[in-house]
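For the record, the sequence lines run as chains A and B.
One point on numbering: in the numbering used here, the residue at position 2 of the first sequence is 197, and numbering is uninterrupted.
One point on numbering: in the numbering used here, the residue at position 60 of the second sequence is 63, and numbering is uninterrupted.
Everything labelled a hint here was simulated from the structure, so no lab data went into it.
Remember, predicted model here, so these are calculated numbers, not experimental data.
In this text, a Cβ means the ideal position worked out from N, Cα and C, and glycines have one as well.
One or more hints might be untrue.
Each computed BS3-like pair below joins lysine-lysine, with the alpha-carbon atoms no more than 30 angstroms apart [claimed, not checked]:
1. A/Lys401 with A/Lys370
2. B/Lys53 with A/Lys370
3. B/Lys101 with A/Lys429
4. A/Lys302 with B/Lys101
5. A/Lys257 with A/Lys429
6. B/Lys53 with A/Lys429
7. B/Lys321 with A/Lys433
Going by beta-carbon spacing under 7 angstroms, a handful of chain A positions derived as facing chain B [to be verified]:
8. Ile332
9. Ala335
10. Gln337
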Amino acid sequence: MLSPTTPLTNDLVGAIAQRALWIRRRSFQMVYEAQLGHPGGDFSATDILATLYFGIMRYDPKSPRDPGRDRFVMSKGHCTGAFYSVLAAAGYFPQADLSTYMQPLSKLNGHPNRNYLPGVETNTGPLGHGLPVATGIAIAGQIDGADYRTFVLTGDGELQEGSNWESALTAAHRKLENLTLIVDRNRLQQGAGTEETASLDPLDDKWRAFGWHVEVVDGHDYRQLLDVLSASPKGRAKPLCVIANTFKGKGVSFMHDNVSWHHGVPTKEQYEQALVELV
Amino acid sequence: MSAAPSKKDGYFDCRDSFAATIEALAEADPRIVTVVSDSVGSSKLGGFRKKFPERMVNVGIAEQTLVAVGAGLANGGKIPFVSAASCFITGRAMEQVKADIAYSNVNVKLIGQSSGVAYGELGPTHHSIEDLAWLRLFNNLQLIVPADPWQTAEAIKAAAAFDGPVFVRVSRMAVPALERPAGARFEIGKAETLLDGHDAAIIANGTTVHRAVAAARTLAAEGISTRVVNMATVNPLDETAIAEAAATGAIVTVEEHSVRGGLGGAVAEIVSTTNPVPMRILGFPGFVPTGSAEWLFDHFGLNEAGIADAVRQTVARKK
């Protein structure tokens with residue numbers, strides 16, 4: 196397995212895949228050690244995060260607030276196992292810090308805090324906050340004619356929060372082509388399936404009806420993610436919504452598509468079994 | 004019933020002062036932007052929109068996005084003034100104020116317009132007499148309640164210069180300009196002593212300050228020497244000014260807010276742990292009936308006579 200700091204090669208997809216594997220292993224270790232976390236959603240989001248940070252976004256971890264950086268907003272702020280792992284792999288802070296996850300006085304809260312941790316753009320945790328804040332960032336970029344892009348990752352259950360749809364209106368009205376929403380469409384929320392709870396389908400039509408450009412991809416297929424996320428948004432005159440079909444618990448057989456792993460924590464045997472599978 | 008006082012009677016709408024100040028600030032600093040939720044007119048920002056159309060973001064009737072967009076604009080290097088009716092920018096978007104603004108500690112200025120009971124006839128859904136209690140819980144959110152047009156302008160300038168989250172509560176109720184010594188300055192966290200006195204102190208802010216001054220003058224004629232403190236900043240509180248007020252031995256607070264958790268509560272938290280003296284907290288008891296703002300002030304004793312009476316009673320409780 197590659198270390199997360201191994202230089203990217205010409206085989207971008209292979210390198211992203213290796214990093215995603217490291218993120219899965221490391222984030223599961225964090226959850227196991229803390230006996231807290233949201234590993235199901237960590238694993239559904241991992242491939243999206245790895246693609247963004249190692250294949251798409253422009254940033255300098257040594258200058259985390261550089262005005263020209265691409266922004267990433269982690270709206271599903273409970274999935275900090277994957278988010279912190281990708282930030283550490285990207286070089287925002289030492290990988291050793293991951294061992295403090297959720298410990299007293301750790302900078303690695305259960306939900307991300309921008310004032311403690313470089314690479315975090317806004318404090319999230321309560322759902323439905325990311326897209327509205329990302330909309331504001333994209334408006335600032337639009338006013339300045341800046342060329343940075345703003346990406347936001349929401350869960351799908353999270354779209355039940357009305358605040359998302361308020362900002363969906365504003366983003367389309369202002370033709371925020373510099374804004375990209377990625378929906379981690381794993382079809383499960385905390386207690387049950389999204390469609391059993393407050394159904395979202397047809398989700399793509401909803402975004403189109405709100406005036407967005409929509410792409411539906413396999414959220415575990417790096418090539419598909421790279422294709423839709425790397426396409427230039429210039430001239431589109433619409434914000435982009437990427438509906439990434441994913442599986443909660445992706446990568447570990449007993450967690451795959453299993454609602455009980457929303458915030459489940461592994462036993463020693465489960466942890467060891469997962470590490471056997473994540474190679 | 005007489006008509007509400009107007010500018011030509013020497014009374015002012017502080018929103019005008021807000022609007023003129025924000026336009027002047029925006030001329031000098033291109034980072035300044037405004038964010039509104041269909042609240043251009045009620046924020047008196049028509050002039051700003053005309054001068055700086057590209058620097059006004061109107062998100063429509065969507066307060067959660069209103070506040071969150073402010074946070075995003077700050078992330079993009081702007082100094083956003085997010086302006087809407089105080090009842091909605093606070094209550095409707097409380098979690099955005101908490102998570103996106105205060106907890107994220109971002110450089111956003113929230114302007115709560117038409118606060119208190121200014122929308123008296125529209126009833127308690129539109130009254131904003133809970134806003135200070137809600138916002139006072141966020142320790143890093145600077146909380147300013149200016150009392151007149153000059154102080155409104157100064158508060159807006161101070162908010163723009165402050166690097167961090169600020170809430171300014173702006174009334175639409177007509178108020179007179181307070182008399183001040185030449186060279187008066189406004190500073191966040193510093194109270195203003197308008198009248199000196201040693202028998203009692205009135206601590207007021209916002210639209211009640213000129214009423215407190217009038218009450219103190221009545222009391223002076225009776226031989227009760229009353230200090231009047233304009234506590235425009237509710238967070239952080241000026242604890243020195245509170246200590247000086249407590250030294251008179253009797254404190255009455257007056258505010259256009261619920262008696263629960265506002266200025267009076269904030270002062271009581273300090274007084275009770277430093278120099279306990281008899282106190283009265285004047286304000287509204289909770290949900291109030293429909294009626295004009297002036298009627299509500301009279302009905303609940305937030306007028307010259309009511310304030311003077313409260314001071315007499317509190318002085319009588321001095322040990």
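Consistency of the hints with the structure:
A C-alpha spacing of about 17 angstroms is found between A/Lys401 and A/Lys370, which places the hinted pair at or below 30 angstroms, so the restraint holds. For the given pair, B/Lys53 sits about 22 angstroms from A/Lys370 by alpha-carbon distance, which is consistent with the 30 angstroms threshold. Using a Cα cut-off of 30 angstroms, the hinted pair B/Lys101 and A/Lys429 is violated, with the two alpha carbons roughly 35 angstroms apart. As the CA atoms of A/Lys302 and B/Lys101 are separated by approximately 19 angstroms, the hinted pair is consistent with the 30 angstroms bound.
Note on A/Lys257 and A/Lys429: the hinted pairing holds, with a Cα-Cα distance of about 28 angstroms set against a maximum of 30 angstroms. With a CA separation close to 29 angstroms, the supplied pair B/Lys53 and A/Lys429 stays within the 30 angstroms bound. For the proposed pair B/Lys321 and A/Lys433, the alpha carbon gap of about 68 angstroms is over 30 angstroms, so the pair is violated. Nearest Cβ of chain B to the Cβ of A/Ile332: about 4 angstroms, under the 7 angstroms cut. The hint holds.
Evaluation of the A/Ala335 hint against chain B yields a held restraint, the C-beta minimum of about 2 angstroms falling below 7 angstroms. Hint on A/Gln337 is violated. Least Cβ distance to chain B is approximately 9 angstroms, over the 7 angstroms limit.
Hints 3, 7, 10 from the list above are not met by this structure, while the remaining hints are.
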